[in-house]
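*Asks:* All chains, please: the whole structure from these sequences, using the hints.
Spelled out from the first residue to the last, the chains are:
Number of protein chains: 2
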Amino acid sequence: MDATLSDIVADCAAAKSAATTLAAASTETKNRALGAIASGLTGNVDTILAANAEDLTDERARGLSEALVDRLTLTAERVEAMAAGVKEVESLDDPVGEVMEARTLDSGLDLKKVRVPLGVIAVVYEARPNVTIDCAVLTIKSGNAILLRGSSYAERTNGALAAVVRDGLAEAGLPVDSVVLSAGGGRDALAGLATQEGVVDLLIPRGGEGLKNALKEVATVPVMYAASGNCHIYVHADADLEMGRAIAFNAKVSRPGVCNSAETLLVDSQVAAAFLPLALKQLAEAGVELVGDDRVRENDGGTEVRLAVHDDWDTEFLDLKLAVAVVDDLDAAVEHVNRHGSGHSEAIVTGNTQAADIFAEKVDAAAVYVNASTRFTDGFEYGMGAEIGNSTQKLHARGPIGLRELTTFKYVVRGDGQVRD
Amino acid sequence: MDATLSDIVADCAAAKSAATTLAAASTETKNRALGAIASGLTGNVDTILAANAEDLTDERARGLSEALVDRLTLTAERVEAMAAGVKEVESLDDPVGEVMEARTLDSGLDLKKVRVPLGVIAVVYEARPNVTIDCAVLTIKSGNAILLRGSSYAERTNGALAAVVRDGLAEAGLPVDSVVLSAGGGRDALAGLATQEGVVDLLIPRGGEGLKNALKEVATVPVMYAASGNCHIYVHADADLEMGRAIAFNAKVSRPGVCNSAETLLVDSQVAAAFLPLALKQLAEAGVELVGDDRVRENDGGTEVRLAVHDDWDTEFLDLKLAVAVVDDLDAAVEHVNRHGSGHSEAIVTGNTQAADIFAEKVDAAAVYVNASTRFTDGFEYGMGAEIGNSTQKLHARGPIGLRELTTFKYVVRGDGQVRD
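Protein chains in written order, with this note's numbering: chain P, 1 to 421; chain G, 1 to 421.
Be aware that one or more of the hints could be misleading.
Intra- or inter-copy, both count: the list cannot distinguish identical chains.
[Stated by the list, open to error] Taking lysine to any residue pairs in the SDA-like style, the calculated list, with each CA pair at most 20 Å apart, reads:
hint, residue 1, residue 2
1, Lys212, Ala272
2, Lys87, Glu77
3, Lys113, Thr353
4, Lys113, Gln393
5, Lys16, Ala162
6, Lys212, Leu395
7, Lys321, Gly43
Derived by calculation from the structure, the hints in this document are not laboratory data.
*Replies:* The structure is reproduced here in structure tokens:
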């Protein structure tokens, strides 16, 4: 075992030890820690920004794209927004202890299904410092300890933020190892983390398919992938075309670097000629690079659309790039979505209720939208408070991973001596 | 790819194709299939028993223990009990389409969280023919296709039962490949099944730790382990000792071959001398082989108790064998249970409410009992209808896997053109 691997084993053990205390903590105590963290962010904004400036001027940061530098950059306003987010989580209901079901069994036993923390959660994430705070406060509130494995690009920023979190925990009398920041060791340390059976109760990798595939090969602990979003907007034959253009534009342009943005636009053949020229023009004017199939290029109205290659339909561009296809009908749209989508968020624009219902039923994804942008898939927008990511798998959590998704349950069954026949 | 591996790939593809139709089937249609299956079991009892007789007289069956032969054996009564079980599932509510949550978001969007089938479920199971029927009808009712991978010991019996199921599906106009029986190919075929990503939505291995460990190394599809139960009965210092004896006896003796039976008895040091002699005598008289620690042997009242070895505390005997230990106090009991238990079912016997609450909170298991036998962990007993197994993991399902545990959900979000700022 090299040093970094043993480090991560020690980090996990520390979190595991803290988890027992945290699981039994009262809502009041957990909220006191969150309040202290919010104050700590505001009170330490200079320290945090100084650490962030060091990360941004590190020579490694020179290789980052403009979008990635933006994600890594903190400002006083962004730190204040983090603090406001912490207060928001403080105001949410505590999921722990909720009695999900209660009944008396035929045997006379009193059964309660009670929500409990998972235990130790590990999150592997990209260079977005706000994720450090979002994940830490969601797990504290849900009674879980967390091991945070952030990007080395954000090492100093994450260190400053984790220090604020741990100070807040101490102030509330909770174990500081409820939140452990782990770094270094590369893929070996990641593999070590992913095999901490009996210690790590849930591993959540955020980020792309590369990380997902790397973990699939080695992970033996339970994993919930908060992975890629290859999302589609389908403009149906009975769509309000203006609405279709506005939704497609919003889904692609408003924040292209996030998982709920659209990567492919599907247009029904019956409205391709009426819809495409203006829609493509607006997208191109916003700087969107367009690739499309032959039928799209026949209806491009003069806007440049390069011929799409096979991989374009399966790619999450996370950038101002959009693949556009004409489809024969609703069935063809559903088939395309189910073949190429990643099960994240899919939208149909239509005035036809029946078509909307068929799309909603047949499309296999966490979120299906009718006449709305895919960009709404988000824990805040859904009224769940913050989120730790969006699950694209079907088990346990699907869509935004909020407080309740970070819990499990146990059956507590009380009797007066019952035995089974 | 050898023949059997390509067979299993074809089997999975057939189930996947049927799953789409089944997912959209009405409750009425699915219930019609279940009714036809119940009638088919009754009508084909002779054929089923003849097939079973062939399995039982096969030379391979000669190597089976008495308990395993009993599990494999069908009688007319047992087939009738299966048919009654099918009617029971027919009477349960259809989980598909249930609106789990509904709200209007701040954006004006109408959000519904709707329960939907998982898709294709695969179950790998031991030589228990009733499992073939239980799994098939639970997945049909929950709108899922299923690939059944039974034991080769029960090959002919399972074939006869699957034929009845597929006839019932055909009678209701549902695709017969909603239920596919797969056999042969050994560990290679199992590995093939466990890597059918995008086809198999959930793999449920029933059975012991060997199967679990074999799958952990290769599985890339989502897996829910319905694995071993290393269950404990803890007789607390404030226990009604008669109740403690009755519960321990029931949990060990009533059906030692199942996962919710007890494997270890923990006795508080304060009551060891008063409790153990009679309890051990009764267990020994029922044929239970006893192993224990030194303090147990000092209080055995003359009943033979061999010295337990380290592995005994971690072993699911699934037999008339019990490990017995004296523990210092409640904390020591909790620590023993959390260290050695498999997260299945754990019981405390006590008249002390506070001790009961601490045990219920601190023990990390699917089901925690106060003054009742662990044997109650069961889908029928819990009022969930039949079960496909008992999950010992924390994600998605914990405890009995019934109809709802075989579903996922999707968010269906309807708007009138909403885009995100």
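*Asks:* State whether the alpha carbon distance between Lys212 and Leu395 is at most 20 Å within one copy, between copies, both, or neither.
*Replies:* both (16 Å within a copy, 18 Å between copies)
*Asks:* Given identical chains, is Lys87 near Glu77, meaning Cα to Cα at most 20 Å, within a copy, between copies, both, or neither?
*Replies:* within (15 Å within a copy, 62 Å between copies)
*Asks:* When no copy is named, should Lys321 and Gly43 be tagged within, between, both, or neither for a Cα gap of at most 20 Å?
*Replies:* neither (40 Å within a copy, 62 Å between copies)
*Asks:* Using 20 Å as the alpha-carbon threshold, which applies to Lys113 and Gln393: within, between, both, or neither?
*Replies:* between (24 Å within a copy, 15 Å between copies)
*Asks:* Which holds for Lys113 with Thr353 at a C-alpha limit of 20 Å: within a copy, between copies, both or neither?
*Replies:* Between copies, since 18 Å is at most 20 Å while 38 Å is not.
*Asks:* Indicate which option fits the pair Lys16, Ala162 if close means a Cα-Cα distance not exceeding 20 Å: within, between, both or neither.
*Replies:* For Lys16 and Ala162, the Cα distance is within 20 Å only inside one copy (17 Å; across copies 46 Å).
*Asks:* 20 Å Cα cut-off: does Lys212 pair with Ala272 within a copy, between copies, both or neither?
*Replies:* Neither: 36 Å inside a chain and 52 Å across chains, both beyond 20 Å.
The structure fails hints 1 and 7 (numbered hints given earlier, in ascending order).
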